[in-house]
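Read top to bottom, the protein sequences are chains A and B.
For the record, in the first sequence the residue sitting at position 34 is 82 according to our numbering, with numbers rising by one throughout.
For the record, in the second sequence the residue sitting at position 250 is 360 according to our numbering, with numbers rising by one throughout.
It cannot be assumed that every hint is accurate.
[What the hints assert, rightly or not] Rough simulated footprint, nothing fancy, chain A against chain B, three-plus residues with beta-carbon under 8 Å:
{"no.": "1", "stretch": "120-131"}
{"no.": "2", "stretch": "159-173"}
{"no.": "3", "stretch": "240-247"}
{"no.": "4", "stretch": "321-333"}
[What the hints assert, rightly or not] Across the chosen pairs, the derived CB separations fall in these ranges:
{"no.": "5", "chain 1": "A", "residue 1": "Leu55", "chain 2": "B", "residue 2": "Pro358", "range": "53 to 63 Å"}
{"no.": "6", "chain 1": "A", "residue 1": "Tyr201", "chain 2": "B", "residue 2": "Asn187", "range": "46 to 56 Å"}
{"no.": "7", "chain 1": "B", "residue 1": "Phe359", "chain 2": "A", "residue 2": "Arg99", "range": "51 to 61 Å"}
[To be verified] Quick look at which bits of chain A chain B covers, simulated, 3 or more residues with Cβ under 8 Å:
{"no.": "8", "stretch": "58-70"}
{"no.": "9", "stretch": "101-108"}
{"no.": "10", "stretch": "112-125"}
{"no.": "11", "stretch": "128-138"}
{"no.": "12", "stretch": "149-162"}
{"no.": "13", "stretch": "173-184"}
By construction, these hints were calculated from the structure, which means they are not laboratory data.
Each residue gets a CB set at the ideal place from its N, CA and C atoms; glycine is no exception.
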Amino acid sequence: MRKPQGLGFIYLSLLVALLLTVMPMPQAVKLARPDWALLVLMYWTMALPQRVGVITAFFTGVIVDVLVGTVLGVNALAFSVVMFVLAQHHLKMRNFGVLQQSLVLGILLAFYQLQLFWLSHFLTGVNFRPQYLWPALTGMLVWPWLFWLLRRYRRQLKIQ
Amino acid sequence: MNQIYSRRSSLPLRLFLAVVCSAGLMFLDRYTDSSTQLRSYLSTAATPFFYVASLPQTLFSGASEQFMSQQEMLEQNARLKETLLKQNGQLQLLRFLQQENEKLRALLSSTAVVEDKLLVADVLAVYSHPFSHQVMLNKGSNDGVTEFQPIIDEQGVVGQIVSVGPTSSRALLISDNTHALSVRTERTGVRAVVEGLGQWDVLRVMYLPHSTDIREGDRLLTSGLDGRFPEGYPVARVTMISQDANQPFMVVYAEPFARLDRIRHVLLLSGRTVAPLAPMIPEAQEQP
Numbered sequence: 049m050r051k052p053q054g055l056g057f058i059y060l061s062l063l064v065a066l067l068l069t070v071m072p073m074p075q076a077v078k079l080a081r082p083d084w085a086l087l088v089l090m091y092w093t094m095a096l097p098q099r100v101g102v103i104t105a106f107f108t109g110v111i112v113d114v115l116v117g118t119v120l121g122v123n124a125l126a127f128s129v130v131m132f133v134l135a136q137h138h139l140k141m142r143n144f145g146v147l148q149q150s151l152v153l154g155i156l157l158a159f160y161q162l163q164l165f166w167l168s169h170f171l172t173g174v175n176f177r178p179q180y181l182w183p184a185l186t187g188m189l190v191w192p193w194l195f196w197l198l199r200r201y202r203r204q205l206k207i208q
Numbered sequence: 111m112n113q114i115y116s117r118r119s120s121l122p123l124r125l126f127l128a129v130v131c132s133a134g135l136m137f138l139d140r141y142t143d144s145s146t147q148l149r150s151y152l153s154t155a156a157t158p159f160f161y162v163a164s165l166p167q168t169l170f171s172g173a174s175e176q177f178m179s180q181q182e183m184l185e186q187n188a189r190l191k192e193t194l195l196k197q198n199g200q201l202q203l204l205r206f207l208q209q210e211n212e213k214l215r216a217l218l219s220s221t222a223v224v225e226d227k228l229l230v231a232d233v234l235a236v237y238s239h240p241f242s243h244q245v246m247l248n249k250g251s252n253d254g255v256t257e258f259q260p261i262i263d264e265q266g267v268v269g270q271i272v273s274v275g276p277t278s279s280r281a282l283l284i285s286d287n288t289h290a291l292s293v294r295t296e297r298t299g300v301r302a303v304v305e306g307l308g309q310w311d312v313l314r315v316m317y318l319p320h321s322t323d324i325r326e327g328d329r330l331l332t333s334g335l336d337g338r339f340p341e342g343y344p345v346a347r348v349t350m351i352s353q354d355a356n357q358p359f360m361v362v363y364a365e366p367f368a369r370l371d372r373i374r375h376v377l378l379l380s381g382r383t384v385a386p387l388a389p390m391i392p393e394a395q396e397q398p
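Turn these sequences into a full structure, and let the hints steer you where they fit.
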């Protein structure tokens, strides 16, 4: 068994993603903020499925719940389900081009938003508005750049 | 390769574990009381994180103040002095009215209310999620903040504190859709409940029968009946009324006075306790 290396970088990237999740922003931009933590998790589970998977997603989700102030466990559940789907298909996803990937991930991100909405609707009774799906779109747009950035560092630091 | 296959077979198990744990957390958080304590620990632990996350904004606004020209500073100073003068002028009258009010209350032998104490707090972080409208404030139990303390800004009611840590606290805004408060219309005194919808600029006024006298532009003030918010603070202005005979109540929407989407500084109200009547009278006489 290879000694795990580069765990530090994985956690650092997750930490930066969480900071971006709560960073204060103008109201107009805020509704369209991409789900940074989920995007970074998605990258790592596609690249290193044996390292980052459902359990990491669960704990990151709990932290997001604490930071964002949703009912505890809502983001944790949505993260875990999305990451489960992605982890099952990571070999297929790796063969896609970056644009194809971002299309598929867009569907997954929309699915994540819908899960959040369903759970919140059940727990606190919110009403659906189409604006809630903006983050899925911005997430799709951000993906190619994020993919490129993280892959560069992963190769430079030889994280496997 | 082997590793991947063994891993994939255990994936459903991991998902199952995660789902069970999240369901447990949700139940704990929503339907039991023990979560308030847990939440306050967790948000205390997360406080440094918020300081770091708001660092760029703090630096940016600090830098823009640093490089403000002297001319602008002088103008701003003059403007602030002018508003201070105006408001002090109004305050003189207020002091007089307050005394008169206290005397009248004493004559009517009704309970007197003590002046509110104010505590200024800065907003550390605004939660961006549409399903939770909360803000993090930079004052905590060390500064005397307590749970359920009402919060206002210079325009109107903002929300209330829901959890307190030693150096920070978390406030629920009136626009959150788990928040509701009791109000009264200024013009007619009709009581209603104002509920958040998860939108920054719209609140819903609930439980108004079709015959109620309410118009667009009516100001809604806190009624004090909910036991959380003291009476008389402005909450919202009625913006839209639609009457549908099929609905049991009128559908009324209102716009909050407080600019919830851009709050930076807020005031925490405290110390509004119903004081015994006896010491009020000498106190009122003492003041010239």
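Results for each hint:
Given a C-beta distance limit of less than 8 Å, the hint that chain A covers the stretch 120-131 of chain B holds, as 8 residues qualify and 3 suffice. Under a criterion of three residues with beta carbons nearer than 8 Å to beta carbons of chain A, the stated coverage of the stretch 159-173 of chain B is upheld, 7 such residues being counted. For the stretch 240-247 of chain B, the stated coverage by chain A holds: 4 residues have a C-beta nearer than 8 Å to a C-beta of that chain, and at least 3 were required. With 0 residues carrying a beta carbon less than 8 Å from a beta carbon of chain A, the stretch 321-333 of chain B misses the three-residue requirement, and the given coverage is violated.
For the pair Leu55 (chain A) and Pro358 (chain B), the beta carbons lie near 58 Å from each other, so the given range of 53 to 63 Å is met. A C-beta distance of roughly 49 Å is found between Tyr201 (chain A) and Asn187 (chain B), which places it inside the suggested range of 46 to 56 Å. For Phe359 (chain B) and Arg99 (chain A), the Cβ-Cβ distance of about 55 Å falls inside the hinted range of 51 to 61 Å, so the restraint holds. For the stretch 58-70 of chain A, the proposed coverage by chain B is satisfied: 4 residues have a C-beta within less than 8 Å of a C-beta in that chain, meeting the threshold of three.
Requiring three or more residues with a Cβ within less than 8 Å of a Cβ of chain B, the coverage given for the stretch 101-108 of chain A holds, as 5 such residues are present. Taking a C-beta to C-beta cut-off of 8 Å, the stretch 112-125 of chain A contributes 12 residues in contact with chain B, enough for the three needed, and the coverage statement holds. By the rule of at least three residues with a Cβ nearer than 8 Å to a Cβ of chain B, the coverage given for the stretch 128-138 of chain A holds, with 5 such residues. For the stretch 149-162 of chain A, the stated coverage by chain B is violated: 0 residues have a C-beta nearer than 8 Å to a C-beta of that chain, whereas at least 3 were required.
Counting residues of the stretch 173-184 of chain A whose C-beta lies closer than 8 Å to any C-beta of chain B gives 6; at least three are required, and the coverage claim holds.
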